[in-house]
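Asker: One-letter residues, chain by chain:
Protein chains: 2
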Amino acid sequence: VLVDNGDLTIGFDVGGTSVRAALVAPQRGTVGPVIDDVREGDVLEQLAATYTRLTDAAALRPVQVLAAGVAIPGSLDRRTGLIASAPTSLELVGLDPGTIRLGTVGTVRFVNDANAALHAEQEHGAARGARDVVGIFVGTGVGGGAVVGGRLLIGSVGVAGEIGHMVIAPDGPCCPCGGQGCLEQLASGTAIARRYRQRTGRDVDGARDVALAARAGDSCAIEAFHRAARYLGVAVATLANLMNPEVVVVGGGVAAAWDLFGEDLTRTAMHHTMPLAARGLRIVPAALGRLSGVIGAALLASSPSG
Amino acid sequence: VLVDNGDLTIGFDVGGTSVRAALVAPQRGTVGPVIDDVREGDVLEQLAATYTRLTDAAALRPVQVLAAGVAIPGSLDRRTGLIASAPTSLELVGLDPGTIRLGTVGTVRFVNDANAALHAEQEHGAARGARDVVGIFVGTGVGGGAVVGGRLLIGSVGVAGEIGHMVIAPDGPCCPCGGQGCLEQLASGTAIARRYRQRTGRDVDGARDVALAARAGDSCAIEAFHRAARYLGVAVATLANLMNPEVVVVGGGVAAAWDLFGEDLTRTAMHHTMPLAARGLRIVPAALGRLSGVIGAALLASSPSG
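Those protein sequence lines, which keep their order, are chains B and D.
Per the working numbering, residue 1 is the first one in the first sequence, and the count goes up by one each step.
Per the working numbering, residue 1001 is the first one in the second sequence, and the count goes up by one each step.
Worth flagging that the hints you see were computed from the coordinates, not collected in a lab.
One thing to keep in mind: the hints can contain errors.
[Unchecked claim] Partial list, derived from the structure: chain B residues whose beta carbon lies under 7 Å from chain D:
| hint | residue |
| --- | --- |
| 1 | Ala84 |
| 2 | Asp132 |
| 3 | Ser156 |
| 4 | Val167 |
| 5 | Gly179 |
[As the list claims (entries may be wrong)] Far from chain B, by Cβ distances over 12 Å, these chain D residues were calculated:
| hint | residue |
| --- | --- |
| 6 | Ala1025 |
| 7 | Val1031 |
| 8 | Arg1039 |
| 9 | Gly1081 |
| 10 | Thr1107 |
| 11 | Val1148 |
| 12 | Leu1183 |
| 13 | Arg1199 |
| 14 | Ala1213 |
| 15 | Ala1216 |
| 16 | Ser1303 |
The beta carbon of each residue, even a glycine, is placed where N, CA and C say it ideally should be.
Please model the entire structure based on the sequences and the hints provided.
Answerer: Written out as C-alpha cells, the structure is:
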C-alpha cells in the first residue's frame, strides 16, 4: 500500500509526445502506480482519464487526492499561475488550472517541467540536502532550473532558469526562442542528432540512435556527444561562477548516455570554473530518471508556496 | 546634520588603489562626510585613521557608530565571514573582522564590493523597489552580483555572483582566475584599454583615456567600447534568460562612459534575450556612482542577516 492517510498528490508530466502520471506521497517521496502513455487527443481529456485510471489502480477513494501538479515544458507567469508560453501545449496557454476537473481534487497547479524535475532531485534524488543546486535537463531541448539558498529561482515574471537559452555561441545558430547561439541549439538531443546527420549523411531518429552508434565505436557519433558535452561544460562553468551551487544535476533523456558525455562535460566545466566555486562542487547525473518531473509536479502542487 | 540619533554605520570601500569611506544613516540612505583617499601603507592603520577623521568631521561621539562594513574586491566565505580570496588585499585574507579596532564600533563585517554596490543600488539607487536585480560593475575588472526574490545571491560557499567570470568566449584569453574566456578578459576597463593599444599602438593609461579619444571621434577607441559592449550584452542576455531580473544595473568606473556603450550593450542583450524575459526588463546605468560600494557596505553591516 502506498499510503494509509489522506496526504496524497498526483503529478503529471505533459511532454510533447508523452503523458506520465503518478500518485505521490509528498512527505515520504514514495510513488504509487505510474502511468506512461503516448500523448493523444485532447490533453485535458487525457489528464482526466489518467486521473481515473490512477485512482482506480490504487483503489483509492478519490477524496484522498488533495492536489495535482501538471508539469509542462513551458514558461509560467508566477503572478498568475498561468502558462505564458508552451510550444508543445498551446491549448494550455492562458488556461486557469482551477477549471481543470480531476475528480474531487481541490488544487490543480501548473509547473515548469525542468523546475519540477529539479525540485524532485533536490528533495529525493541526486541533490538531496543541498540548498544551492542547478539542474540541467537534456532531452529534445535543454531545460533547467536553479535552487538558490533553498528556494527555487523564479524571476520577476516567473521565467527564470532558462539554462537552455544561455548564450554560448553568440554568432551560432538562431533559436526559435528569438535569440541566437543558445545552448539548446548546440547541446540538446536534437542538436546531437543533427550534428551526426551533418557529419555522416546518415539518418538517425534522435540522440538515442547516436548513442547506440557511439557505443558500437562510431567515431562521428562519439564526437557528436563530446561536442555537446563541451558546450554543456562551458554552461556549467558559467553557472558555477554565477551561482556557486553545491551540486549540478544533469538529467533528461540524454542523461542516460552519461557514460558518453559526463567526463568531457565535467573536465570542460572544471577548466572554466573558478577555484573557489569549484571547491566541493559535484556534477552528477540525475537519480530519479523519467519520474523526476512527475514527482516534482506532485511535490510542488502540495507545497504551500508553490 | 546627518543624524540626530544613534543609528549610524560606516562604510569602507577598499579598492586596489583607493580607500573610500562615509558615514551612512541606513534607514534613510543619507550619507555624511565622505573621504576618498589614495590607498597607502598598512590597510588596517588606514581604516583606523579614516574612521577617526570621519567621526571628527561629523563631530560625533564615537559611540554613535554602531557598525562598520568593509567592501573589498574579493570572495567571502559566508560560513565564516572571512575573506577567502582578495588579489588586491592579501593582508585581509583570513583575518577575523572582529579583531579590527575602530573606536567603539561593535560590529565590523567584510562584504564583497560588487554585492555591496548592488545592494546600495537596490535600496537607494537605480534598482530601488525591485526584487530581482542583476548588477554588473565594470572597472579595472568586472564585478557583479544578483538579488533574487529580494535576497542577495550568495551561493553554497558564498562566492556566487561572479559575473566577470561568466565564460563568454571559451577559446578566448586565459584569466588569472584559472579559467579561460571570462567576461572580465573581454569587457573590463583593462580589456578596453588593451584592445585600443593593440589596434593603434598608442599607449593609454586606462579606459578613461580611451573614452576621451572616443569622444574626440577616434574610431578605434569607439570600436574598443562597442566590442566590450557586445560581450557585456551577451552576458546580460544569458543573465536575463537565467535569472529573469526586472532590472540590470550597469555600474563601476567605466559606466561613466555609458553614452559610449550603453546602446550597443542593450541592443545585443535584447537580440539574445527570450521575449518573455525581455518583457519589462530595464537595463540602466547605476545611480550612486563611486559611493555605491561605501553605502552598500554600511547597509550590509547594519542588516541583521548580513
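Asker: Would you mind marking each hint as holding or not holding in the structure?
Answerer: How the hints compare with the structure:
1. Ala84: Interface hint status for B/Ala84: holds (6 Å vs cutoff 7 Å).
2. Asp132: holds, 4 Å
3. Ser156: holds, 4 Å
4. Val167: holds, 5 Å
5. Gly179: Hint on B/Gly179: holds, closest Cβ of chain D at ~5 Å, below 7 Å.
6. Ala1025: Holds, since 29 Å exceeds 12 Å.
7. Val1031: holds, 29 Å
8. Arg1039: It holds; D/Arg1039 is separated from chain B by about 24 Å at its closest Cβ, greater than 12 Å.
9. Gly1081: Since the minimum Cβ distance to chain B is about 15 Å, D/Gly1081 lies beyond 12 Å and the statement holds.
10. Thr1107: holds, 22 Å
11. Val1148: Label violated. Min Cβ-Cβ 5 Å, cutoff 12 Å.
12. Leu1183: violated, 9 Å
13. Arg1199: holds, 21 Å
14. Ala1213: For D/Ala1213, whose nearest Cβ neighbour in chain B is about 26 Å away, the distance exceeds 12 Å, so it holds.
15. Ala1216: Non-interface label stands for D/Ala1216: nearest chain B Cβ at 30 Å, farther than 12 Å.
16. Ser1303: holds, 15 Å
The structure fails hints 11 and 12 (numbered hints given earlier, in ascending order).
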